[in-house]
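Chemist: Quick note, the sequences are listed as chains A, B and C, same order. No gaps in the numbering here: position 45 of the first sequence is 45 in the numbering used here, and each next residue is one more. No gaps in the numbering here: position 142 of the second sequence is 142 in the numbering used here, and each next residue is one more. No gaps in the numbering here: position 335 of the third sequence is 335 in the numbering used here, and each next residue is one more.
There could be a bad hint or two in this list.
[To be verified] Computed cross-link-like contacts, DSS-like style, restricted to lysine-lysine with a CA-CA straight-line distance of at most 27 Å:
(1) C/Lys220 - C/Lys569
(2) A/Lys206 - B/Lys182
(3) C/Lys303 - C/Lys255
(4) B/Lys166 - A/Lys106
(5) B/Lys122 - A/Lys106
(6) A/Lys206 - B/Lys107
(7) A/Lys106 - B/Lys182
(8) C/Lys105 - C/Lys25
(9) A/Lys280 - B/Lys161
(10) A/Lys206 - B/Lys161
(11) C/Lys507 - C/Lys233
(12) A/Lys206 - C/Lys465
(13) B/Lys155 - A/Lys211
(14) C/Lys256 - C/Lys499
(15) B/Lys107 - A/Lys280
(16) A/Lys149 - B/Lys138
(17) A/Lys211 - C/Lys220
(18) A/Lys248 - C/Lys394
(19) B/Lys155 - B/Lys122
(20) B/Lys107 - A/Lys211
(21) B/Lys182 - A/Lys116
(22) A/Lys248 - A/Lys149
(23) C/Lys524 - C/Lys394
Hints in this document: simulated from the structure, not taken from any laboratory.
These are the residues of each chain, in order.
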Amino acid sequence: MSLCYAYYPGCSGLGTSLEYDTSTRALCKDLGIELVEIPDWNCCGSTPAHAVDHLLSACLVGRNLGIADDMAEERELDGIITPCPSCLKNLKTTQHRLADPEFHRKVELIVGRPLKAELPIKSVLQVLVEDLGIQALAKLVQKPLAGLKVVPYYGCIMVRPPQIMQFDDAENPMALDNLLAELGAEVLPFALKTDCCGASLGTTRKDVITKLSGRILDAAEEAGADAIVTACPLCQLNLDMRQSQINKANHSGHQMPVFYYSQLAGLAAGQGEASTMLDKLCVSPRPLLAALAGHTGEGA
Amino acid sequence: MPSSPKTFDSEFIAEVQRESEQNLALCYQCGNCTAGCPVSFAYDYPVNQIMRLVQAGRRQEALSSHAIWLCSSCETCTTRCPNDIDVARIMDVLRHMARRDNIVSEKAVGAFWTAFLESVEKHGRVFELGLMANYVGKTGRMFTDVDLAPIALRKGKLGLKAHDIKNLAEIRGIFDRYREQKQ
Amino acid sequence: MNIGVFVCHCGSNIAGTVDTEAVAKTALTFREVVFATDTMYACSEPGQAGIVDAIKTYDLDGVVVASCTPRMHEATFRRTLERAGLNKYMFEMANIREHVSWIGKDKEANTRKAEELVHMAVEKLRRNDYLEAGEFDINKRVMVIGGGVAGIQAALDCADGGLEVILVEREPSIGGKMSKLDKTFPTVDCSSCILGPKMVDVAQHPNITMYTLSEIESVKGFVGNFDVTVRRKAAYVDWDTCTGCGECTTKCPSKKTPDRFNEFIGQTTAINIPFPQAIPKKASINAEACLKLTKDKCGACAKICPTEAIRFDQQDELVNEQVGAIIAATGYDLFDFTKYGEYGGGRYPDVITSMQYERLLSASGPTEGHIKRPSDGAEPKDIVFIQCVGSRDKSIGRPYCSGFCCMYTAKQTILTKDHMPDSQSYVFYMDIRAPGKNYDEFTRRAMEEYGARYIRGRVSAIQPKNGRYLVKGADTLLGEQVEIEADLIVLAVGAEAAKGANELAEKLRISYDPYGFFMEGHPKLKPVETNTAGIYLAGSCQGPKDIPSSVAQGDAAAAKVLALFSKDKLASDPQVSNVKLVRCIGCGKCESVCPFGAIEMIDFRGMPKASVVETVCQGCGVCTAACPQGAIQLSHFTDNQILAEVNTLCL
Numbered sequence: 001m002s003l004c005y006a007y008y009p010g011c012s013g014l015g016t017s018l019e020y021d022t023s024t025r026a027l028c029k030d031l032g033i034e035l036v037e038i039p040d041w042n043c044c045g046s047t048p049a050h051a052v053d054h055l056l057s058a059c060l061v062g063r064n065l066g067i068a069d070d071m072a073e074e075r076e077l078d079g080i081i082t083p084c085p086s087c088l089k090n091l092k093t094t095q096h097r098l099a100d101p102e103f104h105r106k107v108e109l110i111v112g113r114p115l116k117a118e119l120p121i122k123s124v125l126q127v128l129v130e131d132l133g134i135q136a137l138a139k140l141v142q143k144p145l146a147g148l149k150v151v152p153y154y155g156c157i158m159v160r161p162p163q164i165m166q167f168d169d170a171e172n173p174m175a176l177d178n179l180l181a182e183l184g185a186e187v188l189p190f191a192l193k194t195d196c197c198g199a200s201l202g203t204t205r206k207d208v209i210t211k212l213s214g215r216i217l218d219a220a221e222e223a224g225a226d227a228i229v230t231a232c233p234l235c236q237l238n239l240d241m242r243q244s245q246i247n248k249a250n251h252s253g254h255q256m257p258v259f260y261y262s263q264l265a266g267l268a269a270g271q272g273e274a275s276t277m278l279d280k281l282c283v284s285p286r287p288l289l290a291a292l293a294g295h296t297g298e299g300a
Numbered sequence: 001m002p003s004s005p006k007t008f009d010s011e012f013i014a015e016v017q018r019e020s021e022q023n024l025a026l027c028y029q030c031g032n033c034t035a036g037c038p039v040s041f042a043y044d045y046p047v048n049q050i051m052r053l054v055q056a057g058r059r060q061e062a063l064s065s066h067a068i069w070l071c072s073s074c075e076t077c078t079t080r081c082p083n084d085i086d087v088a089r090i091m092d093v094l095r096h097m098a099r100r101d102n103i104v105s106e107k108a109v110g111a112f113w114t115a116f117l118e119s120v121e122k123h124g125r126v127f128e129l130g131l132m133a134n135y136v137g138k139t140g141r142m143f144t145d146v147d148l149a150p151i152a153l154r155k156g157k158l159g160l161k162a163h164d165i166k167n168l169a170e171i172r173g174i175f176d177r178y179r180e181q182k183q
Numbered sequence: 001m002n003i004g005v006f007v008c009h010c011g012s013n014i015a016g017t018v019d020t021e022a023v024a025k026t027a028l029t030f031r032e033v034v035f036a037t038d039t040m041y042a043c044s045e046p047g048q049a050g051i052v053d054a055i056k057t058y059d060l061d062g063v064v065v066a067s068c069t070p071r072m073h074e075a076t077f078r079r080t081l082e083r084a085g086l087n088k089y090m091f092e093m094a095n096i097r098e099h100v101s102w103i104g105k106d107k108e109a110n111t112r113k114a115e116e117l118v119h120m121a122v123e124k125l126r127r128n129d130y131l132e133a134g135e136f137d138i139n140k141r142v143m144v145i146g147g148g149v150a151g152i153q154a155a156l157d158c159a160d161g162g163l164e165v166i167l168v169e170r171e172p173s174i175g176g177k178m179s180k181l182d183k184t185f186p187t188v189d190c191s192s193c194i195l196g197p198k199m200v201d202v203a204q205h206p207n208i209t210m211y212t213l214s215e216i217e218s219v220k221g222f223v224g225n226f227d228v229t230v231r232r233k234a235a236y237v238d239w240d241t242c243t244g245c246g247e248c249t250t251k252c253p254s255k256k257t258p259d260r261f262n263e264f265i266g267q268t269t270a271i272n273i274p275f276p277q278a279i280p281k282k283a284s285i286n287a288e289a290c291l292k293l294t295k296d297k298c299g300a301c302a303k304i305c306p307t308e309a310i311r312f313d314q315q316d317e318l319v320n321e322q323v324g325a326i327i328a329a330t331g332y333d334l335f336d337f338t339k340y341g342e343y344g345g346g347r348y349p350d351v352i353t354s355m356q357y358e359r360l361l362s363a364s365g366p367t368e369g370h371i372k373r374p375s376d377g378a379e380p381k382d383i384v385f386i387q388c389v390g391s392r393d394k395s396i397g398r399p400y401c402s403g404f405c406c407m408y409t410a411k412q413t414i415l416t417k418d419h420m421p422d423s424q425s426y427v428f429y430m431d432i433r434a435p436g437k438n439y440d441e442f443t444r445r446a447m448e449e450y451g452a453r454y455i456r457g458r459v460s461a462i463q464p465k466n467g468r469y470l471v472k473g474a475d476t477l478l479g480e481q482v483e484i485e486a487d488l489i490v491l492a493v494g495a496e497a498a499k500g501a502n503e504l505a506e507k508l509r510i511s512y513d514p515y516g517f518f519m520e521g522h523p524k525l526k527p528v529e530t531n532t533a534g535i536y537l538a539g540s541c542q543g544p545k546d547i548p549s550s551v552a553q554g555d556a557a558a559a560k561v562l563a564l565f566s567k568d569k570l571a572s573d574p575q576v577s578n579v580k581l582v583r584c585i586g587c588g589k590c591e592s593v594c595p596f597g598a599i600e601m602i603d604f605r606g607m608p609k610a611s612v613v614e615t616v617c618q619g620c621g622v623c624t625a626a627c628p629q630g631a632i633q634l635s636h637f638t639d640n641q642i643l644a645e646v647n648t649l650c651l
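All chains, full assembly: derive it from the sequences and hints.
Modeler: The structure is reproduced here in structure tokens:
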């Protein structure tokens with residue numbers, strides 16, 4: 001079974017979450033999932049667009065859905081996938097709202113082209129778990145992550161609200177848990193797995209991030225985790241890049257690496273630094289990885 | 001302020017219900033939304049009271065609250081509401097209405113979103129450095145996240161150049177036509 | 001024919017939007033109508049007297065009343081005709097209230113429609129026949145299904161009234177949910193102390209036969225003549241020999257059997273007596289947990305039993321009982337809270353249901369009345385009670401209020417304080433429902449005298465934290481979030497229809513609502529009857545209710561049965577199907593479509609013909625629609641009678 005998707009990277013993949021985009025592409029390649037980047041894609045508008053106007057948000061998304069429509073004319077596509085939950089939410093919400101003929105007409109007028117927008121839209125994680133099956137991942141594993149204690153952190157919108165995201169269980173999702181277990185890691189139960197990290201309030205209200213993300217780091221430490229594993233660029237940024245800000249505000253001394261699951265998958269599959277980009281993480285995972293048997297810290 | 005027929009704005013309730021496609025009468029003020037809201041600690045009104053303000057037709061207080069700007073859109077309220085109300089969508093709609101009326105109680109948040117969308121309009125994809133510069137310009141908050149600049153640069157996470165898309169005209173067109181139909 | 005038409009004003013209900021005088025005037029122009037008038041309230045005493053008068057004065061032999069729905073007053077007016085000496089089936093009603101005045105305000109259109117409906121009624125009446133009700137015998141025995149407090153009360157009342165009672169209960173012991181309670185509100189009576197004597201009365205009553213560990217297999221027949229097959233499940237113990245000494249339970253090695261009676265908190269042995277006050281006090285074996293029955297090992301109980309009562313080869317037994325009435329008192333079950341992922345979805349050992357907590361509180365429970373955390377056996381200090389788990393919640397399809405949870409939670413906080421004076425109870429609630437006698441005073445006592453802290457707001461999530469739990473709730477009166485660290489969390493789970501209620505309703509041919517609760521005949525006026533003659537309801541199977549209401553309904557259902565049996569014969573409804581033998585070709589279509597099994601194929605002079613069992617026929621008419629020959633006709637609703645109405649309207 002060969003899968004082929006239109007790939008929507010999202011803006012952070014170009015900068016702050018470059019390692020997520022790169023490791024995702026590398027992982028899909030190894031798994032035989034073909035990703036065709038949506039040509040000349042534009043920003044979905046993230047939170048600011050839907051918080052300002054649902055029509056504007058739908059139009060920014062709509063242009064991308066239109067390009068994907070064109071792609072689907074040329075070749076068989078299994079759907080549109082993206083690694084970023086915020087992009088995913090905007091894509092799916094827009095598709096949902098386009099079902100209303102009046103709204104659909106308005107969006108087409110502003111975007112300036114007809115829109116079908118019927119391709120299934122999923123997260124990369126969802127495709128791995130539902131369409132491919134994590135057993136396929138197991139086949140890739142060359143260096144199981146034995147001894148690595150992790151807590152899976154899904155972030156608040158990966159599986160919520162359930163009517164829109166239609167993936168896994170909204171209160172106790174297990175997709176990441178199962179995937180990481182398949183990689184050989186020791187996955188600890190984590191009560192805060194869908195609690196909000198503070199999202200886009202980092203720039204304007206840092207105190208919200210230091211409190212909410214601080215709480216997540218505290219809980220991860222209490223659980224005995226060596227690292228947190230995420231699937232969201234904003235969560236990863238808040239927990240990793242802002243870890244120093246959190247420590248300062250809360251007088252804590254966290255040194256907890258925050259991986260993207262795709263990085264760990266690549267690591268377990270024996271991929272090199274060019275694919276996993278572990279050195280991009282602000283809180284360095286090198287000491288942790290060196291301490292684990294079977295992995296030597298690769299040079300930066 | 002005591003509630004009286006004079007301050008009950010039924011048009012406001014109708015507008016919120018129309019735009020959000022939610023029935024406010026379904027809310028029986030159980031407080032589940034407030035209980036699960038991660039940012040409640042920073043709010044002036046907890047989210048169940050924002051809902052109550054709308055039910056009571058209190059337009060001014062609802063739209064001039066700080067809470068609606070500090071909501072992180074985490075969807076916890078919507079996911080757990082026992083009456084299946086999309087509370088997060090109502091918060092979005094209140095933000096839309098407040099912005100249309102030029103009532104922005106959390107100036108920084110409003111400025112951040114404007115700067116973000118201006119960046120999208122200009123480049124097609126968000127240019128983080130440009131966005132930050134614009135934001136600082138609007139708010140005067142020069143020291144925002146300067147402590148993160150060194151590590152961001154070192155890790156190559158702060159692009160110094162924008163990633164303009166090819167068909168920028170299409171984006172400009174979208175924004176122009178959007179603004180036109182708003183009039 | 002001489003037909004009289006009476007057009008009712010029903011005050012302003014009809015007259016407000018229908019010109020009743022005009023309708024009466026128009027009615028006079030219809031064929032064979034010799035008298036027509038409008039009247040203020042046809043069903044009132046003067047109204048009915050007016051009808052009787054007119055019948056006598058104008059020598060009427062048929063009456064049309066244009067008023068409300070026949071479901072309201074058809075029976076009333078039929079009796080009026082009988083009083084005037086007419087056959088009660090020479091009567092038709094035109095519904096000009098529910099079908100006309102209540103649905104539109106256009107007086108002209110309404111009046112026209114009312115006239116048309118009256119015309120249709122007149123034309124049907126012109127084709128009506130005299131019908132006479134038959135009679136049949138009644139079997140004055142009653143079956144009570146369900147041995148909870150409602151069923152027990154119904155059984156005792158019927159038995160005391162001189163009737164033979166068969167009580168069928170699916171658990172090994174009677175007692176129902178009430179037998180699981182420690183204490184009852186608002187008196188804080190010990191539940192088994194007040195229920196126990198009634199249970200013993202049932203066991204000792206000469207008129208009551210108990211079948212426990214039994215279920216209804218099938219129900220045939222009709223009011224006065226039901227034929228019920230009961231499946232008596234194998235207990236693998238001969239209950240005629242078993243003395244209930246309990247020796248077997250001490251020797252059984254299979255000690256990790258899930259304990260149903262104790263709500264799966266704690267374990268029991270494969271052979272067990274559910275609780276000390278069980279009636280009948282007999283042992284039964286859980287087949288899935290028994291080593292002998294699954295692996296042919298052990299057999300210790302058989303060796304130790306002093307009366308050799310163990311029977312590993314025992315089979316289910318089917319028993320037939322003929323009864324004249326059935327009372328369904330099958331109770332309720334509790335909502336499965338694992339649907340709430342935010343409360344742990346069943347993964348957190350110290351988040352338990354109210355019934356599980358009740359078993360912990362009970363001195364005959366798994367912890368002998370010592371409140372212990374299931375996770376580590378420690379005594380909890382901070383206990384959080386959460387109301388409305390599975391009630392008043394549209395998002396999980398349970399919008400109704402279960403009615404007793406506010407009360408039982410208040411009771412549990414009081415008992416908690418009694419058991420552990422140093423503990424602190426918190427209750428998260430939305431509203432307090434305490435409508436009964438001494439109920440509100442009781443809930444106030446919990447707050448005012450027993451120190452329970454009531455917080456108005458729901459709980460969004462429960463998160464484990466360092467061996468305890470963080471309960472994230474809200475205080476909407478203060479407008480704040482409230483986080484409480486708790487040792488134990490008790491969920492006030494709501495009531496839902498008992499498992500298997502739907503299937504039983506289908507067997508009894510009674511209706512049930514979207515939640516599986518059995519439908520009463522009328523929500524206000526017929527709480528213990530169903531729309532199926534001879535079948536009555538009592539207790540929570542009709543809707544969640546407290547013990548006093550359940551007992552009252554048990555009394556009421558028994559009264560209905562005793563009234564039914566006060567006659568020796570019952571009248572049969574002549575509005576049943578009849579087969580015209582000369583037209584019937586014996587195809588059997590009617591037999592196959594009849595939902596009640598009221599048609600049998602007989603041999604008539606060597607030819608197959610259909611035959612209607614009049615007492616079973618409910619007059620639904622499906623057979624008449626199925627018959628290709630028009631050979632089977634429903635009396636009072638024949639093809640010609642219905643066609644007359646259609647032609648009046650359409651031609």
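Chemist: Given the hint that lysine 105 of chain C pairs with lysine 25 of chain C, test it: the Cα-Cα distance must not exceed 27 Å.
Modeler: 21 Å, holds
Chemist: Given the hinted pair lysine 206 of chain A and lysine 161 of chain B, is their Cα-Cα distance within 27 Å?
Modeler: 26 Å, holds
Chemist: Taken at face value, is the distance from the CA of lysine 161 of chain B to the CA of lysine 280 of chain A at most 27 Å?
Modeler: 19 Å, holds
Chemist: Lysine 248 of chain A and lysine 149 of chain A: Cα distance at most 27 Å?
Modeler: 25 Å, holds
Chemist: Mind checking the alpha carbons of lysine 256 of chain C and lysine 499 of chain C for me, to see if they're no more than 27 Å apart?
Modeler: 25 Å, holds
Chemist: Under the criterion that the straight-line Cα-Cα distance not exceed 27 Å, is the pair lysine 149 of chain A, lysine 138 of chain B satisfied?
Modeler: 44 Å, violated
Chemist: CA of lysine 106 of chain A to CA of lysine 182 of chain B, is that 27 Å or under?
Modeler: Holds. Lysine 106 of chain A to lysine 182 of chain B sits at ~12 Å (cutoff 27 Å).
Chemist: Does the alpha-carbon distance linking lysine 524 of chain C and lysine 394 of chain C stay inside the 27 Å limit?
Modeler: 25 Å, holds
Chemist: Could you grab the alpha-carbon distance between lysine 206 of chain A and lysine 107 of chain B and see if it respects the 27 Å cut-off?
Modeler: 15 Å, holds
Chemist: Run the distance test for lysine 155 of chain B versus lysine 122 of chain B: straight-line Cα separation, threshold 27 Å.
Modeler: 26 Å, holds
Chemist: Starting from lysine 248 of chain A, check that the Cα of lysine 394 of chain C is at most 27 Å away, please.
Modeler: 45 Å, violated
Chemist: Given the hinted pair lysine 166 of chain B and lysine 106 of chain A, is their alpha-carbon gap at most 27 Å?
Modeler: 25 Å, holds
Comparing the model with each earlier hint shows violations of hints 2, 15, 16, 17, 18; every other hint is respected.
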